[in-house]
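K.L.:
This is what each chain is made of:
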Amino acid sequence: MAAESAAEQATDTYGITAPYGDELNDDVTRWDRAAEFPHEKWKPLQRSGLFTLPFAPEYGGAGRTLTETMAALEGLGHTSRDAGLNFSASTQIVSVGIPLQAFGSAELRERYLPQVTSGQAITAHAITEASHGSDVMNIRTTAVREGDEYVINGGKLFITNAPVADLFLLYVRTGKPGAFGLSTFLAERSTPGLTIGEPLETMGLRTSPISEVTLKDVRLPVGNRLGSEGAGFLIMDYVMKREVLFSFAVNLGEMTHRLKRVVEHATTRQQFGSAIGKNQAVAHKIADMRIAVETARKWLYDTGRKVEQGKDASLDVAATKILVSEANQRTAQDAIQIFGARGYLTDTGIERELRNAAAGSIYSGTNEIQRNCIAALMGL
Amino acid sequence: MSTAFNDPIRAYIVREFLAGEDAEDLTDDFDLIESTVVNSLGLVRLISWISETYRIPVDDIPLEPAAYRTLADIRDFVGKAAPAAPATV
Ligand SMILES: Cc1cc2nc3c(=O)[nH]c(=O)nc-3n(C[C@H](O)[C@H](O)[C@H](O)COP(=O)(O)OP(=O)(O)OC[C@H]3O[C@@H](n4cnc5c(N)ncnc54)[C@H](O)[C@@H]3O)c2cc1C
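Sequence lines, in order, name chains A and B.
Using full-length UniProt numbering, read the first sequence as starting at 1 and increasing by one per residue.
Using full-length UniProt numbering, read the second sequence as starting at 1 and increasing by one per residue.
There could be a bad hint or two in this list.
Under the rule of at most 35 angstroms between Cα atoms (straight-line distance), these lysine-lysine pairs were calculated in the DSBU-like manner [unchecked claim]:
#1 LYS306(A) - LYS285(A)
#2 LYS176(A) - LYS260(A)
#3 LYS260(A) - LYS285(A)
#4 LYS80(B) - LYS311(A)
#5 LYS43(A) - LYS285(A)
#6 LYS176(A) - LYS80(B)
#7 LYS216(A) - LYS176(A)
#8 LYS306(A) - LYS80(B)
#9 LYS176(A) - LYS43(A)
Derived coverage of chain A by chain B (criterion: at least 3 residues anywhere in the stretch with Cβ under 8 angstroms from a Cβ of chain B; other residues may be distant) [what the hints assert, rightly or not]:
#10 60-71
#11 174-184
#12 235-248
#13 344-352
These are computed hints drawn from the structure, not numbers from a lab.
Even glycine gets a Cβ: it sits at the ideal position worked out from N, Cα and C.
Chain B with its partners taken away, still in its complex shape (with noise of 0.2 angstroms):
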């Protein structure tokens, strides 16, 4: 299983969203919406973060939150997608 130290994805949902609870069950099947681990406000920054971490073109961000179920499907798609060229700011 990936861990916080090779996977920032999984590191950043634990520290925003389930700071100071077992993180065990986090799987890379884990339902993060279902769950309301991930509510809409939560969505919305993970997005975000995602976004600016990756440096995705805003085109190719899915902003279904079908996309951001489980580890396993937010990996999916950043893994796909290139990365913009950086902005200076």
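Next comes chain A alone, as it looks inside the complex (with noise of 0.2 angstroms):
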């Protein structure tokens, strides 16, 4: 198809999780129902150097760009049935590395980037608590500095990989209310005071586990804050420029996938005597999906090169992660009326996709407070 060729055209990194498709496909649907990170699929992921691509040389990186990685979580989302352990991989890129990588200290950064490059340990990112989602700039977790120290009291929700990870970036308050009181710390999983919580049961990406993380009189030197006090705003930006246009693009890659199923579908399965695109109701929806994802697409590169470039990019960051991960989730439930009673079954893995796709509305800032900061950078 044209829209994938494209993207391999564009660069080299697209494929380079494809030779690992059979592992990484593996028994999806019972990985699913089990609700299980796939440890083993990691393995393969870590082999194919998908870590290492944003990480420069020296820490064992491949100093590849921005839209150079995404290409390649583009690529993963069209190999890989398995979209919980994609999103944990996106995860594992953006959570720790790349705050690491641009705002850690030179120590934090030897001693820590050559585990996340290499995968060996996992990684995730707390920001999100029980009393403040949305309302993100008011978290309300404590960070006071004692000395050398700082003693870390609070708790977070929902934090993807937290059962599987190894290192956390924790984002809590170190001065006043709202953005700028707020800091970022690294914390190894084995910090006494540190405890995670039971996977919670999902709804969809099953297999990227997420839970509550407890912090009770959690102490760590002041060598593991990344940057300066009250920076914690600034590299939360920055991050969550990122995991939008990684995260999404994996979506990218999962609904090219998808379109392909779906026109394969629909030039195969015969009714009246016809093959069902045939009929306009049909192939219209095709249509549609097939706008979709180039839509998609364009967004997605043309906001990841502005990035890139160091242009200000907020609106269009905003109206990247709400295109996708609509388009994400109406193509999936169009899969499903395509595919009939066939997308409706658990073994087809198309009911997955639908299932998969409705977090993309949540994480990330909801829709509704994109929606939001789009109306407010329009001065509404």
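Both chains come to you apart, so use the hints to assemble them.
P.N.:
Here it is as structure tokens:
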């Protein structure tokens, strides 16, 4: 299909996980039903070099650009039918590695980045709290300085990868209320006082475990802070832009694959003596899917290039996030309709795609909050 | 006076915060915060944009709103800050 070859031509990173397709797609339905993190599938991802892409060679990285990394994640979405694993992989790149590289001290980078780029240490970032989800600038977990240490108290919720993570980036309050009182700290899983809850049962992305993280008198050295006190919002803004681009590039690959499956089904499934795709009602749905996929592609890479060039892309990132997450949900719903009862069966994997797409309008800032942001940027 | 052509910070503020409005009043000592041209959301964006555009190490970025009161204030610290090594992403 033209769409896929365009991405392939654009960058050589697109296909790096393709040779591992069989391993990644082994027993996806069973893993989804079990709602377990597939540790054995992490290994082929490590071997593929996916986790090394956007990092500097001195830390084991491949030194590739933002859009080259996006292309690799798009390729992963196209290859792997395990959307939970794909989401965890995207979180691995963006949650700790990206902010550590951009804002961490030389000591922190040298100590932790090689573990992140090799995929040996699984990573998570903890921002959301039970009382503050969308209202993220007012989170309440505190870090109080005592000599050469900070003492952290509070709790985090819905943290992707937490049940399996080795390293956590914690966003906490060190100062005044609002955005300018936030700071960011790196914590190892074994830090006393840091407790991980049981994996929470979820509707979709079931192989990407999420849980609560409780922080009780957690003591971290001052050296574990990323950036200065109060720089937490700056780090969060930097990370969130890249989280949207990376995780929704994965969705683009998943949608492209879905579209191929739908076209194949619509051209082979016969009813009333002809292929169902010969009916305009079906063909138009597929044409709309194609438009959604191509629109998602244009927005993702156009926004990616803007961010890469250091341009202000606040509105573009918000629009991209809304557009791709809603396209993912709509095309997954349409795919079920076009597959009929077969789409509703768990074994075909089509219904799983709708469950997996559901969370996209919630994480990385809900779509309502993104629309609020666009409106505010327009002076409304 | 600086113009949008030779002053990217001024150009950014005009484009992002004064779109469609008369930018004549935006002199070097115009108070961006008190005038509410830049509100709290705007300040977060402005600081993020400056840190990314000029690759200023996060430790050198002032986080007090006072540092962003006027174009002259902003230019002052941007001029003094040494750019960080470019990140690949
Ligand atoms: C799969 C998944 C993975 C996640 N991973 C992480 C992670 O790794 N780290 C992390 O920190 N968090 C994570 N989260 C949490 C996520 O960031 C939050 O769920 C999200 O920010 C929304 O917060 P909330 O769920 O508390 O909803 P609420 O903030 O309670 O919002 C509920 C509803 O009200 C709407 N609403 C709220 N305020 C407004 C407003 N002002 N205007 C209009 N509508 C409004 C929201 O849009 C939403 O529809 C994850 C969530 C999911 C689903």
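K.L.:
Look at each hint and say if it fits the structure.
P.N.:
Going through the hints against the structure:
no. : hint                  : in the structure
1   : LYS306(A) - LYS285(A) : holds, 32 angstroms
2   : LYS176(A) - LYS260(A) : violated, 52 angstroms
3   : LYS260(A) - LYS285(A) : holds, 13 angstroms
4   : LYS80(B) - LYS311(A)  : holds, 21 angstroms
5   : LYS43(A) - LYS285(A)  : violated, 38 angstroms
6   : LYS176(A) - LYS80(B)  : holds, 27 angstroms
7   : LYS216(A) - LYS176(A) : holds, 21 angstroms
8   : LYS306(A) - LYS80(B)  : holds, 26 angstroms
9   : LYS176(A) - LYS43(A)  : violated, 43 angstroms
10  : 60-71                 : holds (count 6)
11  : 174-184               : holds (count 3)
12  : 235-248               : holds (count 4)
13  : 344-352               : violated (count 0)
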